[in-house]
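**Student:** So you can see what is in the structure, the chains are spelled out below.
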Amino acid sequence: MTATIKLGELAEFLGATLRGSPEKDITGLATLQEAGPAQLSFLANPQYRKYLVDSQAAAVLLKAADAEGFTGDALVVPDPYLAYAKASHLFDPKPKAAVGIHPSAVIADDAQVDPAASIGAFVVIESGARIGAGVTLGAHCFIGARCEIGAGGWLAPRVTLYHDVRIGERVVIQSGAVIGGEGFGFANSKGIWNKIAQVGGVLIGDDVEIGVNTAVDRGALADTVIGNGVKLDNQIQIAHNVQIGDHTAMAACVGISGSTKIGKHCMLAGGVGLVGHIDICDNVFITGMTMVTHSITEPGAYSSGTAMQPAAEWRKSAARLRQLDDMARRLKQLEKRVGDVTPGGNASSEG
Amino acid sequence: MTATIKLGELAEFLGATLRGSPEKDITGLATLQEAGPAQLSFLANPQYRKYLVDSQAAAVLLKAADAEGFTGDALVVPDPYLAYAKASHLFDPKPKAAVGIHPSAVIADDAQVDPAASIGAFVVIESGARIGAGVTLGAHCFIGARCEIGAGGWLAPRVTLYHDVRIGERVVIQSGAVIGGEGFGFANSKGIWNKIAQVGGVLIGDDVEIGVNTAVDRGALADTVIGNGVKLDNQIQIAHNVQIGDHTAMAACVGISGSTKIGKHCMLAGGVGLVGHIDICDNVFITGMTMVTHSITEPGAYSSGTAMQPAAEWRKSAARLRQLDDMARRLKQLEKRVGDVTPGGNASSEG
Amino acid sequence: MTATIKLGELAEFLGATLRGSPEKDITGLATLQEAGPAQLSFLANPQYRKYLVDSQAAAVLLKAADAEGFTGDALVVPDPYLAYAKASHLFDPKPKAAVGIHPSAVIADDAQVDPAASIGAFVVIESGARIGAGVTLGAHCFIGARCEIGAGGWLAPRVTLYHDVRIGERVVIQSGAVIGGEGFGFANSKGIWNKIAQVGGVLIGDDVEIGVNTAVDRGALADTVIGNGVKLDNQIQIAHNVQIGDHTAMAACVGISGSTKIGKHCMLAGGVGLVGHIDICDNVFITGMTMVTHSITEPGAYSSGTAMQPAAEWRKSAARLRQLDDMARRLKQLEKRVGDVTPGGNASSEG
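Order-wise, the sequence lines are chains X, P and U.
Per this note's numbering, the very first residue in the first sequence carries number 61; after that it's consecutive.
Per this note's numbering, the very first residue in the second sequence carries number 61; after that it's consecutive.
Per this note's numbering, the very first residue in the third sequence carries number 61; after that it's consecutive.
Just chain X, same shape as in the assembly (with noise of 0.2 Å):
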């Protein structure tokens, strides 16, 4: 489950600048306060510069700037949350799955599986699908007709594509996703909604990750698009048509509205809503749970709702609010009525 490696090593792998003795084991990671004395820890916020004197770490990745006056041993790197990102998965305890096919699994005659892909307990492949070179497919996962999984990819237990999706290499998928269900179409006539036929896919790109239980829906006619890089959290929607620009990132709980287009290294925190068929510009960031009505033409950053209150006055301020059109009429009223009595009146500048 642990691994164990030279802090030699490490600092070798990280291209860090060791201080310190490069014969120490190091076992896991933890964080300044909780390390223990075989555990590489890492400062990257400046708000725990005052754990870092008492930590029990065996090392610490840090800047050059914070090496200064530290005497414990050190990994000196310019970037230190990025060495713990890449330090990280050498202490992975993520089982590694065997190559091979599972016996259980049931595999299509016209699958193309790579000799080094692995395929685990109760997989489904269907027709025409194609596995590529260090895939790992975890138990459940359901891989429909034509689906192509690019090399290196892993999806965990239990993860489901429709027919016709389409994804890159090295792409994570986490349990319970599902990739190219049927999007919400319907004509409505007389009252009566008329499903409409999903024929399009999805296309992901490389080095996507999708989060645990988020639903990727199929193109109505064109595909879905996920761009490279992008990293989608957990319980997040992503409708019919909707495409998604290079190395953006959403967090938990987000819901995008059919064809809405969204561009490249944006983010949308938590809970964020976005309307169909609206387009965001790069660079865009959306702070939590906010609602997205129409298009974002400049990069920034964006929001929506009101803060939180003690219940009992935010229940007055909700109130008030439904009375704020008439509050500002009778504000005009009363600027215009003490405009006329007063000195230098009616000067007001109404947004």
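A hint or two may mislead.
Copies of the same chain are indistinguishable here, so a pair counts whether it falls within one copy or spans any two.
Stated by the list, open to error - Below 25 Å or equal to it, Euclidean Cα-Cα: the simulated SDA-like pairs (lysine to any residue) are:
#1 Lys110 to Asp169
#2 Lys396 to Asp386
#3 Lys376 to Arg390
#4 Lys392 to Ala104
#5 Lys156 to Asp85
#6 Lys321 to Phe246
#7 Lys110 to Ala157
#8 Lys376 to His354
#9 Lys156 to Ala282
#10 Lys392 to Gly80
#11 Lys376 to Ala361
#12 Lys392 to Phe73
#13 Lys376 to Thr77
#14 Lys66 to Lys376
#15 Lys84 to Lys250
#16 Lys123 to Ile65
#17 Lys154 to Ala282
#18 Lys255 to Thr64
#19 Lys66 to Val166
#20 Lys84 to Arg382
#21 Lys156 to Lys255
#22 Lys376 to Pro359
#23 Lys396 to Asn288
#24 Lys324 to Gly251
#25 Lys396 to Gly132
Hints in this document: simulated from the structure, not taken from any laboratory.
Since the structure of chain X is already known, use the hints to place chains P and U on it.
**Tutor:** Only chains P and U this time, still in chain X's reference frame:
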């Protein structure tokens, strides 16, 4: 994967007036802008009329009014979007499951599976369940004891029905949906939550669709009830004893709390939340991410929330909101004082 | 499917004072309005007292005060709702799984499964896992390496535990829940997200319930921790390194961001969102769809959001909200000007 249908056959199938060559081969569907010379397109939204003249589509579904002046091949229909919905199923690449029971399926001796049903790999069907004619159960489905699934149902891979879930005809359920889970029922005694067994079931009408990873809990005492023609998108939460009227549609990420009753022909946009034990009348439309805290007795559209702003401006609005009750009182006081000193004073009408 | 129990036995089981015939057969539970002559009902909420007189129930659980003047058979108890909770399990139609291991299950050689556990079809149990006495694992469950499930646990069909998830006794997990998924940890370097291995696990106390399709991520370094008696409803997202105190309950669709710590005996209503790295003290109640952006240090109720309005009115309020900062400044200016010209002026108290 793709069907080929002659334009004349399509016209007949749709009851459309054909303008053009009945022998033309149609192999698929696409938007006006993306359609190639063998694809059918449609013009439903007047906003897209501008793309009609340059469309490469083999033929276009459109209204008589839009057909005037259009020189390409056309299928003239009263409702092009509805006609597109009907035509879409002809070109659906979704694999059709073979009739019969996969040898890996585990089926209770006393379960009844119609010979014209299709049961996928690793399906489990428990005691007393009944699966109708033409039903498809995708791989990894679990059908609990005494469940009933009416004729023509289609369950995607990995749908879970707990015991005593009764489903009408032609019902579609997407992957990851869970029907009949144990609702959130606990009696608090001295700070400790005591579980209440959820002894009701779930009753689902005909022609219902349930989306990816949507949860419909079983009733605490009586059944949770989903009416005919109801369409539920992905990631929805329906709590115990909710009742949903016929032909109501809900977009993704909606949450309905326990014992709430929703009328017929309602539409709930994405992310809407309803508290428990309220009644929503027929023909109500609720806009995205609205929090519904009380019953609605009049048809119409309802909203809550605030509009998105750049985050810096939003922070000011959010801070001011907490002062709103104070502002309202000051405004009223000011009106009184101004009324005392100006002609025609104190005539404002506070709501 | 239904049990039959004599009213006298029920009284004894519940420690209730029986008023009526101990030989009466009780076959189920129902509300006062819906109960038939062989069903037990209860009166907990005074709002329903009006239904007592006409109830057809065989007997009613009620308080001594409500028993006065009621002529039907009664089981008099101090807390009728709690008594109903206890009685409900006697009439639960949920099938009881047979003890033993289904022949289709795939269990690692070095996993330990108690002989008094029940392991369903297509279950996978990986290396080093330990399943306690009386545990039920529904069909399609996946139990990762080194997981531990304490005695008396009940996992519905299709629950997935990643490796290193340790669960206490009598824990209930509903279908589709995923425990131990890899949290959303990435280090951004020049616009590219680099994955951080999530090397921690999940630690779940005794008597916890986890709802349908709920996700509890594993810790990034240390464990994510769910205390004793915690109840999580459906579709909840618990991010890495969250800590939840004993006996806290969360309704559906709540999202908790990483490293946030929640106290004991808290209640979060549906759709609440919490940002990361904050602390919520004990005994906090947060109303539905509230966005919690900072720590809470005082017990009590907290809210955010706006009240629902007809959409046309709401549009006006939402537009005015963007002018609120301007309005506040104008109001202050006006107060100053009015103060200059009226007696007793400039006494307003801006917050």
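**Student:** Each hint should be assessed against the structure and marked as holding or not.
**Tutor:** Hints, one by one, checked against the model:
{"no.": "1", "hint": "Lys110 to Asp169", "in the structure": "neither (61 Å within a copy, 47 Å between copies)"}
{"no.": "2", "hint": "Lys396 to Asp386", "in the structure": "both (16 Å within a copy, 16 Å between copies)"}
{"no.": "3", "hint": "Lys376 to Arg390", "in the structure": "both (19 Å within a copy, 15 Å between copies)"}
{"no.": "4", "hint": "Lys392 to Ala104", "in the structure": "neither (51 Å within a copy, 45 Å between copies)"}
{"no.": "5", "hint": "Lys156 to Asp85", "in the structure": "within (23 Å within a copy, 51 Å between copies)"}
{"no.": "6", "hint": "Lys321 to Phe246", "in the structure": "both (21 Å within a copy, 23 Å between copies)"}
{"no.": "7", "hint": "Lys110 to Ala157", "in the structure": "neither (41 Å within a copy, 54 Å between copies)"}
{"no.": "8", "hint": "Lys376 to His354", "in the structure": "between (29 Å within a copy, 17 Å between copies)"}
{"no.": "9", "hint": "Lys156 to Ala282", "in the structure": "between (36 Å within a copy, 21 Å between copies)"}
{"no.": "10", "hint": "Lys392 to Gly80", "in the structure": "neither (71 Å within a copy, 63 Å between copies)"}
{"no.": "11", "hint": "Lys376 to Ala361", "in the structure": "between (29 Å within a copy, 14 Å between copies)"}
{"no.": "12", "hint": "Lys392 to Phe73", "in the structure": "neither (67 Å within a copy, 62 Å between copies)"}
{"no.": "13", "hint": "Lys376 to Thr77", "in the structure": "neither (59 Å within a copy, 46 Å between copies)"}
{"no.": "14", "hint": "Lys66 to Lys376", "in the structure": "neither (62 Å within a copy, 52 Å between copies)"}
{"no.": "15", "hint": "Lys84 to Lys250", "in the structure": "neither (75 Å within a copy, 32 Å between copies)"}
{"no.": "16", "hint": "Lys123 to Ile65", "in the structure": "within (22 Å within a copy, 67 Å between copies)"}
{"no.": "17", "hint": "Lys154 to Ala282", "in the structure": "between (37 Å within a copy, 15 Å between copies)"}
{"no.": "18", "hint": "Lys255 to Thr64", "in the structure": "between (57 Å within a copy, 21 Å between copies)"}
{"no.": "19", "hint": "Lys66 to Val166", "in the structure": "neither (43 Å within a copy, 37 Å between copies)"}
{"no.": "20", "hint": "Lys84 to Arg382", "in the structure": "neither (66 Å within a copy, 56 Å between copies)"}
{"no.": "21", "hint": "Lys156 to Lys255", "in the structure": "between (43 Å within a copy, 17 Å between copies)"}
{"no.": "22", "hint": "Lys376 to Pro359", "in the structure": "between (35 Å within a copy, 20 Å between copies)"}
{"no.": "23", "hint": "Lys396 to Asn288", "in the structure": "neither (57 Å within a copy, 57 Å between copies)"}
{"no.": "24", "hint": "Lys324 to Gly251", "in the structure": "between (39 Å within a copy, 10 Å between copies)"}
{"no.": "25", "hint": "Lys396 to Gly132", "in the structure": "neither (70 Å within a copy, 62 Å between copies)"}
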